[in-house]
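**Q** Build the full structure now, drawing on both the sequences and the hints.
Listed below, chain by chain, are the residues.
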Amino acid sequence: MFRTLVTIVVAGFLAAGAVRAAPAGVVDLDGRAVDPLAVRDARAHVLVFTTTDCPISNRYAPEITRLAERYGGRGVRFWIVYPVPGDTPEKIRAHMSQLGLSLPVARDTAFTLVKRTGVGVTPEVAVIDRGGEMIYRGRVDDRYVDFGVDRPAPTTHDLDQALVNLLAGKPVEPKTTQAVGCILSDLLK
Amino acid sequence: MKSPGNTKHTKDTKIKMGRGSSVFPKPFAVFVAVVFFASFVCPTERSEARAADAAPAARSAAHATQAPASPSSAPVFARDVAPIVFEACTPCHRQGGPGPFSLANYKEVRQRASQIVKVTRSRFMPPWKVDPAVGHFQGQRQLTDAELATLDAWVTAGAPEGNPVDAPALPAFPDGWLLGTPDLIVTLPAPFVLSAEPTDAFRIFAIPIPVGKRTYVRGIEFHPGNARVVHHANIRVDRTETSRRLDEADPLPGYDGLMPRTAEYPDGHFLGWTPGQVAPLVAPELAWTLEPGSDLVVQLHMQPSGAVEKVQPVIGLYFSDRPPVRTPSILRLGSQGIDIPPGEGHYVIRDAYTLPVDVDILAIQPHAHYRAKEIVGTATFPDGTSRRVMYIRDWDFRWQHVYRLVEPLSLPKGTTLAMEYTYDNSAANARNPEVPPARVLWGQRSKDEMGDLWFQLLPKNDKDRERLNAEITRKMIAEDIIGYETMLSVTPSDHELHDDVALLYLGTGKPLDAVRHFRASLDGRDGVAPAHYNLGTGLAVAGQFDEAVKHYQRAIQLDPAYAVAYANLGSVLLQQGRTRDATTHLEKAVQLNPQNAEALNSLSVAYAAEGEIEKALATIDRALKLNPSADMQKLLRQRRDLLTRR
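Just so you know, the sequences run in chain order A and B. Numbers given in this note's numbering equal positions in the first sequence, counted from 1, plus 717. Numbers given in this note's numbering equal positions in the second sequence, counted from 1, plus 97.
Each hint should be verified, as a subset may be incorrect.
[To be verified] Pairs of lysine-lysine, DSS-like flavour, derived with a Cα cap of 30 Å:
#  : chain 1 : residue 1 : chain 2 : residue 2
1  : A       : K808      : B       : K215
2  : B       : K712      : B       : K647
3  : A       : K832      : B       : K215
4  : B       : K226      : B       : K572
5  : A       : K808      : B       : K204
6  : B       : K310      : B       : K731
7  : B       : K407      : A       : K808
8  : A       : K892      : B       : K215
9  : B       : K204      : A       : K832
10 : B       : K215      : B       : K470
[Claimed, not checked] Partner residues aside, some chain B positions facing chain A, computed with beta carbon under 8 Å:
#  : residue
11 : G403
12 : A404
13 : D493
Worth flagging that the hints you see were computed from the coordinates, not collected in a lab. As the structure is a computational prediction, the values presented were derived from the model and not from experiment. Using N, Cα and C, we set each Cβ at its ideal position, and we do this for glycine too.
**A** Now the structure itself:
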């Protein structure tokens with residue numbers, strides 16, 4: 718059901734590919750335009766899509782913090798992307814403070830980044846390399862199998878592995894995985 | 098001749114073991130006050146009225162009329178979807194409710210429309226695990242196929258709003274105490290701080306219930322204190338100090354580990370809580386008895402939220418002004434010999450019990466851990482017909498409901514209750530906590546496996562209840578012993594397990610087995626006074642007095658203030674006819690603990706044997722002033738009469 722919906726909505730973006738055009742309406746918490754898709758002074762950007770009220774997304778905060786610390790010193794910059802219009806800068810600040818997140822933020826209330834990357838749920842991540850290519854999009858790991866079905870610990874660490882391969886100059890495979898979380902497609906209608 | 102050992106003290110004493118023999122309980126701060134807080138309950142659920150009359154078929158029909166009659170009249174929110182969502186979702190998914198986001202108006206529901214279809218279709222939501230064909234339970238919230246179809250068609254049609262005036266009014270969701278103002282409110286002295294990870298966390302709290310006299314309880318209302326993370330609560334009552342000492346031994350609020358055996362369902366009443374469940378008060382005739390000095394023992398299953406969270410549950414108690422006239426019994430079916438090989442995808446356990454008396458089933462609670470898949474409970478009547486009383490096709494450890502029947506189910510004497518659980522210990526079970534799969538045995542930790550089907554049964558009268566309880570207790574203790582032996586096969590040097598199972602053997606008249614386990618418990622712990630005390634007591638009950646004396650003496654040598662060891666040693670010496678030595682030790686025992694009526698009784702026997710009748714009578718009077726148990730009072734009075742006549 719869900720797969721079908723996302724396919725319809727983001728059919729043009731399913732395959733990883735170029736996402737170079739400047740994003741419209743993407744701002745930071747002070748309303749200044751930002752462009753997480755343009756990778757300058759870094760080896761890659763990781764866009765972590767989230768909302769302030771998605772429980773699955775929230776539970777990934779410690780893992781995102783760990784990965785951002787591990788790869789921050791190696792030229793990988795993490796962005797937290799909030800696409801839900803109701804997630805105001807005040808709500809976002811409170812949310813990040815509660816979760817102990819201190820990473821750059823992009824508000825994407827026009828869903829530009831959502832559409833460009835083709836993410837369907839939160840949490841879902843997109844990795845953009847220096848050439849502006851999206852080299853990975855999908856889950857952080859395989860801890861969640863479905864709503865109400867999750868593993869006590871993940872058996873694959875997909876984002877971590879993608880970054881390892883990227884930094885080693887190896888191809889990233891698979892380029893996309895199926896993320897489980899709060900569905901974004903209804904926002905786009 | 099009475100039994101020499103004060104065996105009832107072994108349980109209390111045991112808790113000192115491994116924690117040093119001089120643990121001074123820290124003072125317990127208890128807050129008994131009206132606490133103001135946001136309520137995190139889902140009050141209306143599916144309302145009682147609806148639950149009572151709504152056979153699933155009837156509900157299908159009701160909603161079928163609202164479902165689209167033809168493709169041209171696609172469902173709209175106001176007329177078709179809101180009635181479903183407001184009743185099945187909004188009670189929890191609202192501002193201040195335990196659901197993680199609000200679903201209280203068109204905008205909020207539309208934003209989650211696809212997700213609502215997905216989670217309702219998979220029956221993840223609303224959380225209700227029992228197959229609707231099984232029976233009708235309080236608080237049942239389950240969508241019919243027609244309701245699912247309406248939601249699906251609505252999303253397919255683009256989730257239109259329709260005419261807002263058609264929408265039903267949002268039900269009132271009263272906050273605060275849904276059962277009325279409690280007679281007593283208890284909470285933790287300080288919040289427990291839960292870390293941001295991992296997936297499932299467990300913590301046990303012993304919360305004193307400050308009542309000055311015997312009190313009768315019609316029910317409790319549990320407020321989780323932090324609905325984001327508290328997923329369910331397993332609640333028992335401990336009439337001993339065992340749970341309190343375990344809690345005190347951990348400097349933070351609560352403790353990790355297991356509930357002790359002394360934490361029990363009080364007088365046959367389940368007390369658990371899951372989100373959305375508020376068990377109604379029982380009739381005063383069925384209230385349970387709360388003794389002064391008891392603790393509520395609350396095991397919280399929490400799902401960390403990703404942030405550090407404070408958790409401070411609040412519990413309201415509701416009293417009855419008179420003693421109960423009927424008391425339910427609790428029957429537990431299940432196996433504690435579970436031993437599943439790695440990769441085994443279809444492992445089955447079964448158990449059954451034939452009722453010796455007529456009963457009504459009031460409630461059913463299944464319990465298992467992550468590997469259980471299918472749960473079946475059946476009743477086979479004396480005429481050979483049978484029906485399912487519990488069926489969960491896809492068991493989920495996270496939803497540990499107590500299923501209370503709307504109408505009690507009457508079972509005549511001779512009915513057989515049976516359970517059959519199926520487990521999947523393969524990699525195909527995503528919930529399997531071991532990757533790759535590993536052998537799993539019975540045990541109470543969540544990574545172990547369990548399989549229990551609990552029944553709350555109401556017999557017709559006290560005579561029937563006593564007969565039922567005697568049988569059930571024997572059956573359950575026999576299974577408990579299997580469980581301990583299973584755990585000891587994994588950790589053969591766990592002295593606490595040896596102590597626990599030894600106590601069960603003592604209680605079931607198998608002192609030689611108790612001695613075997615107390616010996617194993619003492620192994621490598623020669624310097625631990627309670628270990629010697631326990632073995633001494635086992636030996637004394639087994640009639641091996643000479644060796645018992647040696648271990649009591651060693652216990653006293655290690656802990657010269659060990660009152661109950663003096664008392665039991667004195668009693669054993671009395672059995673051996675060594676009345677002079679017995680007197681000395683019993684005098685020491687009552688000097689150290691003047692409240693021990695059993696020791697005073699033994700001392701009076703020793704005085705009488707020494708010919709000191711006046712001292713014996715004075716000691717009996719001292720014991721009676723302590724207002725001991727009815728049996729002890731009777732014994733003391735008989736002995737006083739006997740001595741006076743001399």
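**Q** All the hints need checking, so say for each whether the structure fits it.
**A** Tested hints:
1. Restraint check: the Cα-Cα separation between K808(A) and K215(B) comes to about 27 Å, which is no more than 30 Å; the hinted pair holds.
2. For the hint pairing K712(B) with K647(B), the CA-to-CA distance comes to about 29 Å; that is within 30 Å, so the pair holds.
3. The straight-line distance between the Cα atoms of K832(A) and K215(B) is roughly 22 Å, inside the 30 Å bound, and the hint therefore holds.
4. For a cut-off of 30 Å, the pair hint linking K226(B) to K572(B) stands: about 28 Å separates their Cα positions.
5. For the proposed pair K808(A) and K204(B), the alpha carbon gap of about 18 Å is at most 30 Å, so the pair holds.
6. Proximity of K310(B) to K731(B) is assessed by CA-CA distance (about 23 Å); at most 30 Å being required, the pair is judged to hold.
7. The hinted pair formed by K407(B) and K808(A) meets the criterion: a straight-line CA distance of about 20 Å does not exceed 30 Å.
8. Annotation: proposed proximity of K892(A) to K215(B) holds, straight-line Cα distance about 25 Å (limit 30 Å).
9. Among the hinted pairs, K204(B) with K832(A) is consistent with the structure: their alpha-carbon atoms are about 21 Å apart, no more than 30 Å.
10. A hinted pair counts as satisfied when its Cα atoms are at most 30 Å apart, and K215(B) with K470(B) qualifies at roughly 21 Å.
11. Checking G403(B) against chain A by beta carbon gives a least distance of about 4 Å; that is within 8 Å, so the hint holds.
12. Taking 8 Å as the C-beta contact cut-off toward chain A, the hint placing A404(B) at the interface holds, the least distance being around 5 Å.
13. For D493(B), the interface hint holds, the least distance from its beta-carbon to any beta-carbon of chain A being 6 Å, beneath 8 Å.
Checked against the numbered hints above, the structure breaks none of them.
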